[in-house]
Amino acid sequence: MVKYELAKIKNRNTFMRPKDPSDIPFSQKLDMMISKIKDRVEREVPDRGYFRNFAEDMALNHNYYGKAAAICIERDENVEGNALLLVSVLHPHVNADASVMLTSGNRDTILKYMNNKDFKNEVANTINELSESLKG
Amino acid sequence: MKIPPIYKTFFSKPGIGIPVNYSKLRAGNTVLVCSGKSEKVLEAELGTTAIQIARDLLQKLESAKQQVAAVFSKLKTVINIENRAKGVPSIYSKLLRGVKDGEITSFETAQTFILDGIGSRIISKSLKPLNEKEIVSMIDKVNINNKPLTSEQKILLEEYIYGKKLTPQQEIEAFPLFEKFAQPLIEKRSQPVVDNLLLSIIKSRMIKEGLTIDEIKTKGLLTEDLIKRLQSETIEPMDITLVNNYRGFQGLPEFSNSQVQAIRKATEGKVVVHSRPDLADYSRFSNKGYTKDEIKDFALKASGYRTAQANIVHSNGALGELQFRGELTNRFAEYEHIAYDLKEGKKTLGPLFDDFKNAISKLSDDEYREYNLYLEKCYNYYNRLELGLPAVKPDLPEKFHKILSDDSLKTLYEKNKLMLKDSEKNFEPYFDMIV
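Those protein sequences? They're chains A and B, same order as listed. Quick note: the working numbering has the first sequence finishing at residue 136, numbered continuously throughout. Quick note: the working numbering has the second sequence finishing at residue 435, numbered continuously throughout.
For reference, chain A alone in the conformation it holds in the complex (with noise of 0.2 Å):
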């Protein structure tokens, strides 16, 4: 069992406050944000029909050339039913991105790319190509 000092802690601010972004190290965002999206893939892509498309973004810091990093689900437009799942990096001081499929199919094909263990390294690779891709 956990005891506190409430005398120790009494003056403190004990709101919380939101961690600096810049504070979380790279690989710690990128869990956070996969875990993010894996639950939207399963709460928001049905069977079959329609869903709007969403994604979910962190910040890179200065050892990346993009500004920001996205994974993205788009409806796929082609077939119904299936949705692309991208990768998308923020150019820093223009008004453009550089994305690229990773998988596309149904949902459990969608989740099923993505829970697999080599999944979050690929993100971090990819990433790191798009980057690369802006600075051209």
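Heads up, none of these hints are tricks.
Derived coverage of chain A by chain B (criterion: at least 3 residues anywhere in the stretch with Cβ under 8 Å from a Cβ of chain B; other residues may be distant): (1) 66 to 76; (2) 87 to 95.
Here are the in silico distance ranges between beta carbons for each label pair: (3) Ser73(B) with Asp39(A): 45 to 55 Å; (4) Ile3(B) with Glu122(A): 53 to 63 Å; (5) Asn116(A) with Lys147(B): 29 to 39 Å; (6) Glu424(B) with Glu80(A): 50 to 60 Å.
Honestly, the hints are just simulated from the structure, not real lab data. Using N, Cα and C, we set each Cβ at its ideal position, and we do this for glycine too.
With chain A's structure known, arrange chain B on it following the hints.
This is chain B only, laid out in the frame that chain A set:
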């Protein structure tokens, strides 16, 4: 005894000279070392490399041209295909930038850096003008978020289509409706070129990766119709690496999102797509996107430039760029960029442009943003005509000098083109000694 190299200036066009290491060029030496050289020597090395790359591109131009023609020339919707190899001055200035950015360290990296060595423009025919009845029928078929439009939305869309005066907020609300409305027109005009591009991509993958018809069917890489064509026609293979689908604010893209998705699927994710995130129908960067100030700054650079581009690797190994445009926007794009070039300090224009240059230099940042808005409207005007839609030619705001108008810019550009043609008539590229 080591003989010092001879340096010369190479003039590939009248009055445009670049330094070269003449001895190295004559010896056919293509080794490029950038580090440890004085600025002057490095410039001459890059000038030499620029000539070598330009010569190589010229040699490859003919077969590249034939490849592009084999893919697109038989299409009835394509009215013209223009091809050109990048010239020496343009390669030279790109190499200077590449070295400065640390991207070029050898001859091979220099070659790879010139991504658009061979440029091809595929110009599509305009659609026939729509009548009022056809427009009404199209409005009735528009769905937003899988729902038909409300009567208010229909009125707003109709007013937008016919160019009625709307408030900026109404315009922002009307544009997504307009984009949905115009999607069948965008696809009608560009589908033939997209289909042939898809077939070429798949054909290349069949040759290089052993992709089979069964895999194409199982993975849903092509539609049934295209698979039939793949099996019955001779298809020219083509590799694409990057797609840019440029458009301005409230401008329509050359390729629809559904067409871009088809290209993504045909390459199975091997193609990178550059686009404007703010114009996607959902927010990709809702938390970490651009600030308002950043967006304002973009307007300084944005002229509504509109084209779909694909970076390709030709069968002969040359790197090239395909540009897909309509006939009217292509003509406008020829001269629209002049203002931006001047603002960026490029000195490539002759004395004919002095008054225009003067007028541009007097514009404040806010005025220049407003001028860009005018250029964007011109792009949108020509594009609407290409799609067979009603269009009202935008007026240059009264505060601007008349020389900045679309018509005046076009006249200047055409006069300048004639002058250049005249001055190049009897011109032969030559080397001059550096004094």
